[in-house]
Amino acid sequence: GESVGLHLPTLSVQEGDNSIINCAYSNSASDYFIWYKQESGKGPQFIIDIRSNMDKRQGQRVTVLLNKTVKHLSLQIAATQPGDSAVYFCAENSGWGKFQFGAGTQVVVTP
Amino acid sequence: GAVVSQHPSWVICKSGTSVKIECRSLDFQATTMFWYRQFPKQSLMLMATSNEGSKATYEQGVEKDKFLINHASLTLSTLTVTSAHPEDSSFYICSAGGGQGAFDEQYFGPGTRLTVT
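Residue numbers (the numbering used here), protein chains in the order written: chain A, 1 to 111; chain B, 112 to 228.
Derived from the structure by calculation, the hints contain no laboratory data.
Quick reminder that beta carbons are idealized off the backbone N, C-alpha and C, glycines included.
Hints may contain errors.
Label pairs and their computed distance ranges (CB to CB) [as the list claims (entries may be wrong)]:
| no. | chain 1 | residue 1 | chain 2 | residue 2 | range |
| --- | --- | --- | --- | --- | --- |
| 1 | B | L187 | A | R51 | 25 to 33 Å |
| 2 | A | P82 | B | S116 | 48 to 56 Å |
| 3 | A | T10 | B | L185 | 39 to 47 Å |
| 4 | A | N18 | B | K131 | 40 to 48 Å |
| 5 | A | A24 | B | S126 | 22 to 30 Å |
| 6 | B | T128 | A | G95 | 30 to 38 Å |
| 7 | A | N53 | B | K175 | 34 to 42 Å |
| 8 | B | P151 | A | G83 | 20 to 28 Å |
| 9 | A | E39 | B | T142 | 23 to 31 Å |
Pairs of lysine-lysine, DSS-like flavour, derived with a Cα cap of 25 Å [said to hold, decoys possible]:
| no. | chain 1 | residue 1 | chain 2 | residue 2 |
| --- | --- | --- | --- | --- |
| 10 | B | K177 | A | K98 |
| 11 | B | K152 | B | K125 |
| 12 | A | K68 | A | K98 |
| 13 | A | K98 | A | K56 |
| 14 | B | K131 | B | K175 |
| 15 | A | K42 | B | K131 |
| 16 | B | K175 | A | K98 |
| 17 | B | K166 | B | K131 |
| 18 | A | K98 | A | K71 |
| 19 | B | K177 | B | K152 |
| 20 | B | K131 | A | K98 |
| 21 | A | K98 | B | K152 |
| 22 | A | K71 | A | K56 |
| 23 | B | K166 | A | K98 |
| 24 | B | K175 | B | K125 |
| 25 | B | K152 | A | K42 |
| 26 | A | K42 | A | K98 |
| 27 | B | K166 | B | K177 |
| 28 | A | K56 | A | K68 |
| 29 | B | K131 | B | K177 |
| 30 | B | K125 | B | K166 |
| 31 | B | K125 | A | K42 |
Output of the computed footprint for chain B on chain A, the stretches with three or more beta carbons under 8 Å from beta carbons of chain B [as the list claims (entries may be wrong)]:
| no. | segment |
| --- | --- |
| 32 | 37-44 |
| 33 | 97-110 |
Chain A on its own, in the form it takes in the complex:
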């Protein structure tokens, strides 16, 4: 059931500013990572992915950075818009389609 008192970390961002969401992953052998966006009551939506042989990958308004030395992943969203308000999860590949999800970060975009 629901854990009483548990809440997602929240990042409050002003519309038009850049957002940076951070994620620490656990398995140094993980070789593929995905950032997902989840809006309330919906399933996760793919944003961008990166393989472990890369440090950086850019998409449309989003950039993912991977630091394997410290097992850290970040998602940068440029010019954050109201539609970017959602929960963002990083997910690491623990083998052949099986993903381990991070705790998630709630992004709230303010006007």
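Assemble the complex: chain A is given as a structure, and chain B must be docked to it using the hints.
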């Protein structure tokens, strides 16, 4: 991108009854699908891997006799919550990959909200 559907999108059932949730890959075949559970304000937790033509493999702590998985075809996996209890109330999400490789993106279904009264 590929489309994964789930049915029903929400269901309310009484304690002690069983509920079946379907996961379908609409425009691709998937030999493997995954079932996740998500409690409010929490992350997705992998429950089991559904394998077409063979038994599902369950994550540690997930009761296989309570959460029955059947991967009947390359486009359909079902999760049956047996003898449901209020603590089983959760958001159940399935995923499927479009290919067979290790680096394949997973496509997620829209989720099924289960409420057990």
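Check each numbered hint against the structure and report the violated ones by number, ascending. Failing hints, ascending: 2, 5, 30.
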